[in-house]
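Chains A and B, in that order, give the protein sequences.
Each residue of the first sequence is one higher than the last, beginning at -3 in the numbering used here.
Each residue of the second sequence is one higher than the last, beginning at -3 in the numbering used here.
Since the hints were made in silico from the structure, they are not lab data.
Each hint should be verified, as a subset may be incorrect.
Which copy? The list can't say, so a pair holds if one copy fits it or any two copies do.
As a list, the in silico DSS-like pairs of lysine-lysine whose alpha-carbon atoms are at most 25 Å apart [what the hints assert, rightly or not]:
| id | residue 1 | residue 2 |
| --- | --- | --- |
| 1 | Lys86 | Lys251 |
| 2 | Lys251 | Lys0 |
| 3 | Lys160 | Lys0 |
| 4 | Lys115 | Lys0 |
| 5 | Lys338 | Lys304 |
| 6 | Lys251 | Lys55 |
| 7 | Lys0 | Lys355 |
| 8 | Lys341 | Lys293 |
| 9 | Lys283 | Lys304 |
| 10 | Lys338 | Lys293 |
| 11 | Lys0 | Lys86 |
| 12 | Lys251 | Lys20 |
| 13 | Lys341 | Lys309 |
| 14 | Lys251 | Lys309 |
| 15 | Lys343 | Lys0 |
| 16 | Lys338 | Lys309 |
| 17 | Lys251 | Lys115 |
| 18 | Lys338 | Lys387 |
Here's the letter readout for the chains.
2 protein chains.
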Amino acid sequence: MEFKSLLAERTEIMGASAIREILKVVSEPGMISLAGGIPAPESFPMEIIGELTERVIGKYSSRAFQYDLTEGFMPLQEQLAVLLQERGIKVDPCDVNIASGSQGVLDAMAKILISIGDKIAVEAPTYLGAISAFNPYQPEYIRMDTDDSGLIPESLDEILTCHKIKFIYLVPTFQNPTGRTIPLERRERIADIIIRHNALLVEDDPYGSLRYHGTDIPPIKTLAPLNVVYVSTLSKIFAPGLRIGFFTGPELIRKWLVLVKQGTDLHTSTFNQALAAEYLSGGYLKKHLPVILGLYKPKQAAMLNAIKRYFPKNFKCSPSDGGMFFWVRGPGGVDMEKVYYKALKRKVAFVPGKFFYTKEGEGIETMRLNYTMSSENTLERAIEILGDVLKEI
Amino acid sequence: MEFKSLLAERTEIMGASAIREILKVVSEPGMISLAGGIPAPESFPMEIIGELTERVIGKYSSRAFQYDLTEGFMPLQEQLAVLLQERGIKVDPCDVNIASGSQGVLDAMAKILISIGDKIAVEAPTYLGAISAFNPYQPEYIRMDTDDSGLIPESLDEILTCHKIKFIYLVPTFQNPTGRTIPLERRERIADIIIRHNALLVEDDPYGSLRYHGTDIPPIKTLAPLNVVYVSTLSKIFAPGLRIGFFTGPELIRKWLVLVKQGTDLHTSTFNQALAAEYLSGGYLKKHLPVILGLYKPKQAAMLNAIKRYFPKNFKCSPSDGGMFFWVRGPGGVDMEKVYYKALKRKVAFVPGKFFYTKEGEGIETMRLNYTMSSENTLERAIEILGDVLKEI
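Whenever a hint applies, use it, and build me the whole structure from the sequences.
Next comes the structure, spelled out in structure tokens:
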């Protein structure tokens, strides 16, 4: 009995994931993987985690293990309002809601807004996890142009003029996959455009705190407060295994996001929300963030230096001041999936960039390189090997 | 800016929740609530929770805080395979998957199987949380008849003969809202019927371990292993705030459930899964379950005795050997929503039964009474008051 005939239309469309297939070999022994997108385990505040759990159990007792409101655990909502304030976003604690990772917000956004065939505007390239959150709701993707400074505002303006767009999805800071950041003056123009078109922007900001150079740039949310659902997470500055995402945005949208979350998972783990509340209220994030930055900054530098040294000069690396990735574009005609299979034989893995595009045929000559999971030495060796492979082709 | 015009068709249909509205007053000070459906906080194993967290941190270190596979945290999958074995369900650890509460499985089931207008067969009455998981996918509900022994097999047979049903949703043991259990011989007939019709059953079993009288009855999964997705949770035997549900079922269905879960929340909290694995592997559940049963059994007895003593004789309480609820049906003509408002004035709340029916006009004369959250004395007082109100109408 296979039950295949029972599948919904959306499921039949989803099909197998090509990227999942090609990445299956990445965890083989001896492989150096630049393919992942996950934080280094050394970046977790393991030395205080025992203390945090004790504080939570002492302070909240059984409340930390009971069902809680879908909206979020109030002590965490209060702390996140403070964190958002530091990012320039003024909200009442009640207006910050908790999700099971940012992923939970992206799923819920699509669930409340997308009927089959509705249009979403996404960057080319864009975050793969967002695509897998949106796909089941069968949207049509409208791709927006980008360059080394991220989204090109004129492309957004044109799309909002020509299409009825349900929402725009952007990762403005240290984007996944490109590591790029939209500079302030572009953000201002983007804010003007979405306000003028009465459009709704989902601003996904998982990496904003991971800045190794330069100074912070305010979220677009601060420039167009009524038009933006701002989404962030503690996965990169605390621990991803706790699955704590959060969001704030227009009240009507938030109300619906909470309502559909109730049907999806009732609420996010109370205990983990309480741990996160203690992490923030106890000042641990402030003490620990420099440790995380100190860990990643030299890795980023090591990878960039190695790329400059070992990659052929016609392979261009996008500038990036933070996050977890570098993005390299080869000359036209390079097929990075072929490079991938050649590199695998030399025990180095990465993600061919084409998987981050919603339009077939784009990004064939691009690659995403992660630097958070390997040591500086390993990163240098891996990039040297990749450089050799690139020279061979 | 309200963005109302952006809502998807499914969202417009969902509308406001009547039950949410009427239950808003339940948490007012001085109210005795028999309306909830949550475990008593005293049922949580608080005395060992600190020890469990220490063991998890010692044993798994940063792994418990890192991203993990969507399928589940393997040490927990292994323990759940043992738990399922004890319930008569033989599975490999790889074939048990983890979800963010049972709710996560119900959402995913509907997501992979329901196109707009597809039919689901549900009991009348049925679990409200399932309805809120299924609703966004816009199914048509086909209601199946029940009596004091739960689902009437002939009703299921007839429905499978007349309709193309995507799946059947059942809570066979200590059902929410009725507390009823389907006896073995009915389960055998139900198993025969679904096998004969090649149908898919979602067997939701959150309360099975909470048995205060009688002996365990095997899940329908054991009688029709190829036709059943068996769903359960640790919420009632460990702690609901950790949001750990689990499921096993036909491979094709499981594969899709895992794939859509990846887009919904990536995976369930690693730390909480690790805590659950330690709770099970350390033998804590075996030691603690009798404590939970010892807590609830006298509450159940107190409520039942009070119902017998104080309710008018023409109000019938369904027999129940476990779980968290009693279900009372008044004579035709009684409007239990009116009783609800009268009872509120006397500071007692419950849930009018009509909210558990998918068809308007059914269950007007019914009520659901929860006994896990109040002391025996309070339960007796509340039922006495309710009895007075019932006699007045």
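Going down the list of hints, with the structure as the test:
| no. | hint | in the structure |
| --- | --- | --- |
| 1 | Lys86 x Lys251 | within (18 Å within a copy, 42 Å between copies) |
| 2 | Lys251 x Lys0 | between (36 Å within a copy, 12 Å between copies) |
| 3 | Lys160 x Lys0 | between (35 Å within a copy, 14 Å between copies) |
| 4 | Lys115 x Lys0 | between (29 Å within a copy, 16 Å between copies) |
| 5 | Lys338 x Lys304 | within (21 Å within a copy, 77 Å between copies) |
| 6 | Lys251 x Lys55 | neither (30 Å within a copy, 40 Å between copies) |
| 7 | Lys0 x Lys355 | neither (28 Å within a copy, 29 Å between copies) |
| 8 | Lys341 x Lys293 | neither (29 Å within a copy, 63 Å between copies) |
| 9 | Lys283 x Lys304 | neither (33 Å within a copy, 61 Å between copies) |
| 10 | Lys338 x Lys293 | neither (29 Å within a copy, 66 Å between copies) |
| 11 | Lys0 x Lys86 | between (49 Å within a copy, 23 Å between copies) |
| 12 | Lys251 x Lys20 | between (39 Å within a copy, 16 Å between copies) |
| 13 | Lys341 x Lys309 | within (24 Å within a copy, 80 Å between copies) |
| 14 | Lys251 x Lys309 | neither (51 Å within a copy, 44 Å between copies) |
| 15 | Lys343 x Lys0 | neither (38 Å within a copy, 52 Å between copies) |
| 16 | Lys338 x Lys309 | within (20 Å within a copy, 81 Å between copies) |
| 17 | Lys251 x Lys115 | within (22 Å within a copy, 28 Å between copies) |
| 18 | Lys338 x Lys387 | within (12 Å within a copy, 82 Å between copies) |
The structure is inconsistent with the numbered hints 6, 7, 8, 9, 10, 14, 15, although it conforms to all the rest.
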